[in-house]
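There are 2 protein chains.
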Amino acid sequence: MATRHITAPAGFVAGAVAAGIKQSGKPDVAIIAAESLAIAAILTTRNQVFGEPVRWCRRILPRGSGRIRAIVINAGCSNVCTGAAGFHDAAAMAKRVAKRLGCRAEQVLVASTGIIGHRLPMRKILAGIDAAAARLGVGDDEAVVRAIMTTDLKEKSAVVHVRLGGKDITVAGIAKGSGMIAPHLATMISVITTDALVPPALLHKALREVVGGTFNAVTVDSDTSTSDTVAVLASGAAGAGPRSAASGDYRRFVKALGDVCGRLARAIAADGEGATKLVSIEVRGALGDAEAAIAAKSVADSPLVKCAIHGGDPNWGRIAAALGKSAAKVSPEKLSIRIGGVTVFARGRPKAFDIAKVRQHLRGSEVRVQARLGLGRGTFTAWTCDLSRQYIAINADYHT
Amino acid sequence: MATRHITAPAGFVAGAVAAGIKQSGKPDVAIIAAESLAIAAILTTRNQVFGEPVRWCRRILPRGSGRIRAIVINAGCSNVCTGAAGFHDAAAMAKRVAKRLGCRAEQVLVASTGIIGHRLPMRKILAGIDAAAARLGVGDDEAVVRAIMTTDLKEKSAVVHVRLGGKDITVAGIAKGSGMIAPHLATMISVITTDALVPPALLHKALREVVGGTFNAVTVDSDTSTSDTVAVLASGAAGAGPRSAASGDYRRFVKALGDVCGRLARAIAADGEGATKLVSIEVRGALGDAEAAIAAKSVADSPLVKCAIHGGDPNWGRIAAALGKSAAKVSPEKLSIRIGGVTVFARGRPKAFDIAKVRQHLRGSEVRVQARLGLGRGTFTAWTCDLSRQYIAINADYHT
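For the record, the sequence lines run as chains A and B. Take my numbering: the last position of the first sequence gets the number 448, and nothing is skipped along the way. Take my numbering: the last position of the second sequence gets the number 448, and nothing is skipped along the way.
Just chain A, same shape as in the assembly (with noise of 0.2 Å):
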């Protein structure tokens, strides 16, 4: 049997196939279900240059919550800066599944991720819809998992199991991104799906209260991209779930969205555009939270630091370097630096340390840099990837 992941939770059917969008014949066009309206919670990106498919699911959900039947996602063409006409396009693409699904198209969420610029081809598209729809089923999620990918080179999925009033829950998340990837919403589409039964203001309150730290805790180039979307679905299909933000079920309900949106954030850092490894950067001691957030996201986000990293350098100058030109407040002789674990810079000074024992770790792929500002209980750990050849052959010479 076909693994599952998007459909694990119960009350959600999934489809996908090429509708030739994609150059290289993969699949490019899927479609994610609920068997009846669900409960729906998104959030677009930040980015002022947004897709038209942004702003269809903005003025479908303008709360950002509301009940939704399915979302349908295509990759290789972005309908960004495309105007009325990629809008209509958006909308079309909605009314479309909405024909197939015998709901109204505003109960269909819209996204597409690839270049930007360029018309969808909507023969192929509406084609594929229909074809998608076809397919809808539970034997279908290694393929719709495929068919959000663009330069990624890893499927990202994650599942995860919960006990909520005695009954048990699924959380399940699929999500894209490698490159474009930058502090909010990483460039990324992920679609989550649960069982549980949520209010949609609460579904809403669950998701902003997980994504800081997860998947606006990524970054692979500083890039925010036009196109980020996170969508949630819950079916309610388990018939149980937390009721109000005070209860114990909903703490436990988004420690279990925390879990799925962590591994799929994580799994897009390691995955970005030309990565050999997934670098954490932890910040503890700062004055407060959000300082800890700049700090760290200033570290992820430098060229420098992840070139080092890359090739194995212990140049913790430029952590230091890196931390110090950042807006949080950060005082040198406070400061304190380790990579995997051993301490390189401590409170000012440069500590005599086992460079073998150092590098062995930055060969590794995974590595981990911690930083102790000595200013305070701000803490945030931000996530990226090495910064290698392949990233710039992969933007560059792969002309669009």
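Fair warning: there could be bad hints in the mix.
Chain copies aren't distinguished; within one or between two, either way the pair holds.
Claimed, not checked - No farther apart than 27 Å at their CA atoms in a straight line, the calculated lysine-lysine pairs in the DSS-like style are these: (1) K405 with K382; (2) K172 with K202; (3) K399 with K70.
For the record, the hints were derived by calculation from the structure and aren't laboratory data. No experiment lies behind these values; they were computed from the predicted model shown.
Dock chain B against the given chain A, drawing on the hints supplied.
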């Protein structure tokens, strides 16, 4: 006769030697001295982690301007993150120069560039200072500019002449900088000499006026350095110069100083690590000049834009996305973008354009990107370079 630049203005001598700090055996210690006390103004990095030489300069010129006899510079080791011992080393460099020139240590500026976190090899440095002092004259300018280079491939100098108060005035400058180049005083050390007669506070004001559109308009990799220092020394030997900010002579002096700084800044961008092209990002129509600068730098710092330019790809969508992600106000429907003078996006809609012509422009050594935001009258031009595999090679493979 050897080319003169930094000693072109009357009243200056310079000398440089290879003291053995650089493993390559190239020149690495330089002294630039006025024949008698000169007026000096300095600006230093905004990075909170700053070098001990920067601390020394701020100590001796607490208001940013005053009377200075010389500046001593070494490359190969930046004396950053070295604590009190490092500050003592910087002071020792000033003292040694002062001893050779017969002035006070507090009349000698110090600048160091190179790897962070290592103590200076003081025995070599002090011997180098003695040797450089013995060479002081007007024939060593080429060695001086080479002595301040690190990963720079090209020597950067500029000489400008201007007529003030009926006298010929010369403004000359040298600079180093290639990586760790970012918004606030591109990583860089620059020394500017002039034979104009300028009061200290006015010289400082003039320097502050010109850096915004020159050194602060350059970004190679968004990494603000810990050692940035720009020092202007005015000998007064020409016997003329601006007396007050209200005079026409002051405007002409600022223009000459701006020309020198602008030429050095563009040379830094063109010589960015791994650069094959100089790229200008001109933003017009922003809500204000400050917003224009934010928008222009957002594009100039975008790895995706820089990779596309490297690959000769007219991918204007990445330019639109980089403008949209910035903190400056951008309205897609009012936005227009040109590459090499060709409009590719006009008021929110893609424009059919001559792709061959734009590709031809992108193959050249200078690339021009123009964005009109259509919101106000703010303008700014940022300077950067393309992002190539060579940047990764320089910063990952060559261990420091």
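Each hint tested on the structure:
no., hint, result
1, K405 with K382, "within (25 Å within a copy, 55 Å between copies)"
2, K172 with K202, "within (25 Å within a copy, 52 Å between copies)"
3, K399 with K70, "between (52 Å within a copy, 23 Å between copies)"
Going down the numbered hints, you'll see the structure goes against none, and every one checks out.
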